[in-house]
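Trainee: Protein chains in written order, with the working numbering: chain W, 1 to 273; chain Z, 1 to 583; chain G, 1 to 204.
Source of the hints: derived by calculation from the structure; they are not laboratory data.
There may be inaccurate statements among the hints.
Stated by the list, open to error - Derived BS3-like pairs: lysine-lysine, alpha-carbon spacing no greater than 27 Å straight-line:
#	chain 1	residue 1	chain 2	residue 2
1	Z	LYS23	Z	LYS442
2	W	LYS74	Z	LYS442
3	G	LYS70	W	LYS146
4	W	LYS74	Z	LYS23
5	Z	LYS156	W	LYS146
6	W	LYS115	W	LYS146
7	Z	LYS64	Z	LYS23
8	W	LYS136	W	LYS74
9	Z	LYS518	Z	LYS31
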Amino acid sequence: MQALALAVTLVVMVLGAFILTALRVWWFAPLASNWASMDNLIIISLVLCGAAFIIINLFIAYTLYAHHSERGRKAFFFVDNPRLEWNLIWFTGLGIVLLLAPGLYFYAQVINPPKSPYVVEVLTQQWLWSYRYPGKDGVLGPADVKNYTAANPFGVNAEAPASRDDVPALGGPLYLPLGRPVLLRMRSNDVLHSFYVPEFRMKMDIVPGMVTQMWFTPTKTGTFQVICAELCGVGHYNMVGQVVVVEPDEFERWLEQRPTVAQTLQPTGNAQR
Amino acid sequence: MAHSHPGYHDHHIGPEPQSWWTKYVFSQDHKVIAFQYVLTALFVGAVGMGLSWLMRLQLGFPGKVELINPTVYYQAVTQHGMIMVIYLLTALLLGGFGNFLVPLMLGARDMAFPFVNMLSFWAYFLSVVVLLASFFVPGGATGAGWTLYPPQSILKGTPGSDWGIILMLVSLLLFIVAATMGGLNYVTTVLQLRTKGMTLMRMPLAVWGIFVATVLALLAFPALFVGGVMLLLDRTVGSSFFLPAIVQFGQQLPREGGSPLLFQHLFWYFGHPEVYIVILPAMGIVSELIAVHSRKPIFGYPMMVLSIVVIGALSFIVWAHHMYTSGMNPYFGFLFAVTTLIVAIPSAVKVYNWVLTLWRGNIHLTTPMLFAIAFLNTFLIGGLTGLLLGNVIIDFPLQDTYFVVAHFHMVMGVAAIVAIFGGIYHWFPKATGRMMNETLGKVHFWITFVGTYAMFLPMHHIGLTGVPRRYFGFENLQFIPESVRDLNVFITVVALIVGAGQLVFAYNLVHSIFWGKKVGDNPWRAATLEWQTPTPPPHGNWGDQPPPPVYRWAYDYSVPGEKEDFIPQTRPQVTAGAGGGGE
Amino acid sequence: MPQVKEREGSGIVRGRGGGGNGGGNEPGGLEAFPVPTARLGLWIFMAVATVLFSALVSAYLVRMNLPDWKSLSEPGLLGLNTALLALASLFLQRAAWASRRYDLGATRRNLQLGGLLGFAFVAGQLLAWSQFQAMGYFLVSNPSASFFYLMTALHGLHLLGGLVAWGVVGSRVPPSALSVQLCTTYWHFLLLVWLVLYGLLLLT
Numbered sequence: 001m002q003a004l005a006l007a008v009t010l011v012v013m014v015l016g017a018f019i020l021t022a023l024r025v026w027w028f029a030p031l032a033s034n035w036a037s038m039d040n041l042i043i044i045s046l047v048l049c050g051a052a053f054i055i056i057n058l059f060i061a062y063t064l065y066a067h068h069s070e071r072g073r074k075a076f077f078f079v080d081n082p083r084l085e086w087n088l089i090w091f092t093g094l095g096i097v098l099l100l101a102p103g104l105y106f107y108a109q110v111i112n113p114p115k116s117p118y119v120v121e122v123l124t125q126q127w128l129w130s131y132r133y134p135g136k137d138g139v140l141g142p143a144d145v146k147n148y149t150a151a152n153p154f155g156v157n158a159e160a161p162a163s164r165d166d167v168p169a170l171g172g173p174l175y176l177p178l179g180r181p182v183l184l185r186m187r188s189n190d191v192l193h194s195f196y197v198p199e200f201r202m203k204m205d206i207v208p209g210m211v212t213q214m215w216f217t218p219t220k221t222g223t224f225q226v227i228c229a230e231l232c233g234v235g236h237y238n239m240v241g242q243v244v245v246v247e248p249d250e251f252e253r254w255l256e257q258r259p260t261v262a263q264t265l266q267p268t269g270n271a272q273r
Numbered sequence: 001m002a003h004s005h006p007g008y009h010d011h012h013i014g015p016e017p018q019s020w021w022t023k024y025v026f027s028q029d030h031k032v033i034a035f036q037y038v039l040t041a042l043f044v045g046a047v048g049m050g051l052s053w054l055m056r057l058q059l060g061f062p063g064k065v066e067l068i069n070p071t072v073y074y075q076a077v078t079q080h081g082m083i084m085v086i087y088l089l090t091a092l093l094l095g096g097f098g099n100f101l102v103p104l105m106l107g108a109r110d111m112a113f114p115f116v117n118m119l120s121f122w123a124y125f126l127s128v129v130v131l132l133a134s135f136f137v138p139g140g141a142t143g144a145g146w147t148l149y150p151p152q153s154i155l156k157g158t159p160g161s162d163w164g165i166i167l168m169l170v171s172l173l174l175f176i177v178a179a180t181m182g183g184l185n186y187v188t189t190v191l192q193l194r195t196k197g198m199t200l201m202r203m204p205l206a207v208w209g210i211f212v213a214t215v216l217a218l219l220a221f222p223a224l225f226v227g228g229v230m231l232l233l234d235r236t237v238g239s240s241f242f243l244p245a246i247v248q249f250g251q252q253l254p255r256e257g258g259s260p261l262l263f264q265h266l267f268w269y270f271g272h273p274e275v276y277i278v279i280l281p282a283m284g285i286v287s288e289l290i291a292v293h294s295r296k297p298i299f300g301y302p303m304m305v306l307s308i309v310v311i312g313a314l315s316f317i318v319w320a321h322h323m324y325t326s327g328m329n330p331y332f333g334f335l336f337a338v339t340t341l342i343v344a345i346p347s348a349v350k351v352y353n354w355v356l357t358l359w360r361g362n363i364h365l366t367t368p369m370l371f372a373i374a375f376l377n378t379f380l381i382g383g384l385t386g387l388l389l390g391n392v393i394i395d396f397p398l399q400d401t402y403f404v405v406a407h408f409h410m411v412m413g414v415a416a417i418v419a420i421f422g423g424i425y426h427w428f429p430k431a432t433g434r435m436m437n438e439t440l441g442k443v444h445f446w447i448t449f450v451g452t453y454a455m456f457l458p459m460h461h462i463g464l465t466g467v468p469r470r471y472f473g474f475e476n477l478q479f480i481p482e483s484v485r486d487l488n489v490f491i492t493v494v495a496l497i498v499g500a501g502q503l504v505f506a507y508n509l510v511h512s513i514f515w516g517k518k519v520g521d522n523p524w525r526a527a528t529l530e531w532q533t534p535t536p537p538p539h540g541n542w543g544d545q546p547p548p549p550v551y552r553w554a555y556d557y558s559v560p561g562e563k564e565d566f567i568p569q570t571r572p573q574v575t576a577g578a579g580g581g582g583e
Numbered sequence: 001m002p003q004v005k006e007r008e009g010s011g012i013v014r015g016r017g018g019g020g021n022g023g024g025n026e027p028g029g030l031e032a033f034p035v036p037t038a039r040l041g042l043w044i045f046m047a048v049a050t051v052l053f054s055a056l057v058s059a060y061l062v063r064m065n066l067p068d069w070k071s072l073s074e075p076g077l078l079g080l081n082t083a084l085l086a087l088a089s090l091f092l093q094r095a096a097w098a099s100r101r102y103d104l105g106a107t108r109r110n111l112q113l114g115g116l117l118g119f120a121f122v123a124g125q126l127l128a129w130s131q132f133q134a135m136g137y138f139l140v141s142n143p144s145a146s147f148f149y150l151m152t153a154l155h156g157l158h159l160l161g162g163l164v165a166w167g168v169v170g171s172r173v174p175p176s177a178l179s180v181q182l183c184t185t186y187w188h189f190l191l192l193v194w195l196v197l198y199g200l201l202l203l204t
């Protein structure tokens, strides 16, 4: 009776997991970047791992029901079967290779940004997302947290010519052109944060004292949210910014209207906004 | 045949203590120390569970409970994780089960260094006191997350960065001292104090699991110790081991040049083996339960031992899979993804072998066995989702979402705790001479098993939608479907029920200590050594006799041609094999 | 000893070399390593301490490659302290040899000298700290200085632990030969660790 109940429970659990996944009641946020490979690999993994989960659990359920204790029953004295064990090991190893091979193949793409991406700087502080776009020259000027002043939150070196035409956007939003690979170079003024837009899939920590980077290509116009994915203090859950993906010409128009570093910041350091 | 030649190291332990203090408080008897560890860990675990209720109340019914603000929430998140991983699971499995089982299962009179063993418990006790005290200092306990990542863990803007973090680190250092003193004992005892005939390859798998886990603990905790001391110095005297130049809330901090990633490496060099420190003893315990209660020898014993050792060895070269998105050199990702997924092979071997042990057994669905089945199920699902997270590219979308939360709760939270429950139900009669109530045990099992599955299975799906973990509220996040909020209500309600269900266990435990049904020395008819001595075991475990020699492995169940369905390890081969190898 | 037939069916012929199997085991066998339990415990402890100092050294090597690192000039006293610690090791080694000869007087004499030199080393390290501060290196002036204090402190704490053990061993009359030898082993270990740390400090 109890054995039957447990076996049925296991079957129901397996069914529940299967149905929840197959119906996609809760599923990925709609993809808006080039990283379809991540979604596909998750699905492949779910299928392979799900198969293992289902088979093993059904086997356990059957065993519990069929071989539970009853009068006169004696267990089968079964100590070893190296051949069976090695077969299972090879079989598992094959599954691992099936998961790893595509995983590492696509990982190589993740860590190798394409040539001449559009570079944007992400700057974080508790609890705000800010961005800096290269200006006309297409180069981000040097910046360091040590140059920080209230008027110069990015710590840009305002003397450097490359910096003067940079376009800062304190507090965002992050405007991006559709269809062009974007490389985010990310710095933090204070603590660890992590850049995460669920629709873009990619995620990377932002570490004070170093520059981290990630790349993706936006494939859908629209407004998305960038959220912090590394616990960064009491305001962590409120560290939500906006990403706006627009057509390239609209992006150019937007960028031109923005004040540059030279306009927002006097080289003499006179603090004014 | 059991001649009384003293074993190579039949070490003589002191006389039985007479005073109440030396018998029950400052005891050097490994069994008493085990009970001290178990009770302290269960107590602090109850605190940890209470904290999880706070979290779940906020997630299920945001804003409805006024007590919970972001500060309290993050303190609860942090302390829940820290308490459960370190102060409950590690302490209970190594300090509790390790202390109780190792000498009894190996035929030793006590641990190798009983005095150090006693110090170990009291250092642990002190670490728990310091930990709990951190709730009551100005600013409260730390809310930096259990990983304590700098810089935030020691800067304002994070709850408890005044005193909470200091006490947290001091408590961890004390715990490491305790774990090291205990670990020295377990390892030395396993290596030196086995009874005659107890070769390494005759040791029960529970001892193997505890032994390898202890070796891991000894080799992993020092990294956390170093990281902890350095972080403590960064916090208290203002050094810059981990802190780079920082501008916080508009102010330049007087720090320079440190590396936050350095701490992460030190932390996870400890943190990943820590996972196996918890799960290997649980695996060992489950192996015992499955063999005994299905009346069948463990399948593929050599492979089981090998897989424990291999998992332990691999655990030191996978740590950076916790850091795929940390900004470390991305080429590490290739290496660590490969090593991580290789761990799946020995882990899978263990699952196969447990399942094959069940197969065609004579399965008694006692409470310990039920919990062992629960372990199989939860470890399986948690292990499989680990394959996703370990595969570096899939980790990008899933890292720091609820998928991770669901994964580690399944694989080392629920799995380890159900193994502990199973172990307690199983060895309770050995420790006390009384059974725990089976009916209550089964009620406890069904609530726990079905409940935790109902909580954590849908949590994977919340993670797939991209919902980040460690969020106090999701009101601002537009991408989350409304149904996730309903799901969170459901999970919270189930969590409250499961939590309340643990009261059944608490009642059963306390009640059975005094009024449980009395049983004989070997109620489960088990073959291992601990059941072959009087119950409860006397001081010195084996009375005036030398510890009994061992003549066979630990799993001679249902041997063909035998009248009984088990043969104790102490029975000589000669009589058993008199009729030849009857197959 | 009767010939013991292993049950073939039970598949448990797992013992090696015929030892530790069957009834009528010979003592020894595979139940334990042929070293005293206390010595094995000490080795395991030294393994743990080795991991501790390795983690520290690794952190040092990582941190020293970051741009704000400044090399130190070590206080000259460290050389003298190193010699003191080496001498302590030497006298303890003599104590260990004496204990093997059951030469109680020499054992005690050398043991006492070794321990006193250990104390002298600790005092010397404290002096070195104040010399170091006089040179303008404080705990937080540079990570290299922080590491210097941290390394010497952790090493010193291990040595103080050893001195407690030394006190316990020395207060027993007569001191057990094994304890004296274990003290010696531990002192050698601490000397080795110190040489590695000192070398690291000198080289960088």
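Trainee: Given the hinted pair W/LYS115 and W/LYS146, is their Cα-Cα distance within 27 Å?
Mentor: violated (31 Å)
Trainee: Sort out whether Z/LYS31 lies within 27 Å of Z/LYS518, counting only the CA atoms.
Mentor: holds (19 Å)
Trainee: For the pair supplied as a hint, Z/LYS64 and Z/LYS23, is the alpha-carbon distance within the 27 Å limit?
Mentor: violated (49 Å)
Trainee: Could you grab the alpha-carbon distance between Z/LYS23 and Z/LYS442 and see if it respects the 27 Å cut-off?
Mentor: At roughly 34 Å apart (the allowed maximum being 27 Å), Z/LYS442 and Z/LYS23 break the hint.
Trainee: Are the Cα atoms of W/LYS136 and W/LYS74 separated by 27 Å or less?
Mentor: Between W/LYS136 and W/LYS74 the Cα gap is close to 83 Å, so the pair fails against 27 Å, i.e. violated.
Trainee: With a cut-off of 27 Å on the C-alpha distance, tell me whether W/LYS74 and Z/LYS23 pass.
Mentor: Distance of about 44 Å is beyond 27 Å: violated.
Trainee: Decide if the proposed pair is consistent with the structure: W/LYS74 and Z/LYS442, CA atoms, cutoff 27 Å inclusive.
Mentor: holds (24 Å)
Trainee: Please work out if G/LYS70 and W/LYS146 have their alpha carbons no farther apart than 27 Å.
Mentor: holds (19 Å)
Trainee: Going straight from one Cα to the other, do Z/LYS156 and W/LYS146 come out at no more than 27 Å?
Mentor: The given pair, whose Cα atoms are some 20 Å apart, holds under the 27 Å limit.
The structure is inconsistent with the numbered hints 1, 4, 6, 7, 8, although it conforms to all the rest.
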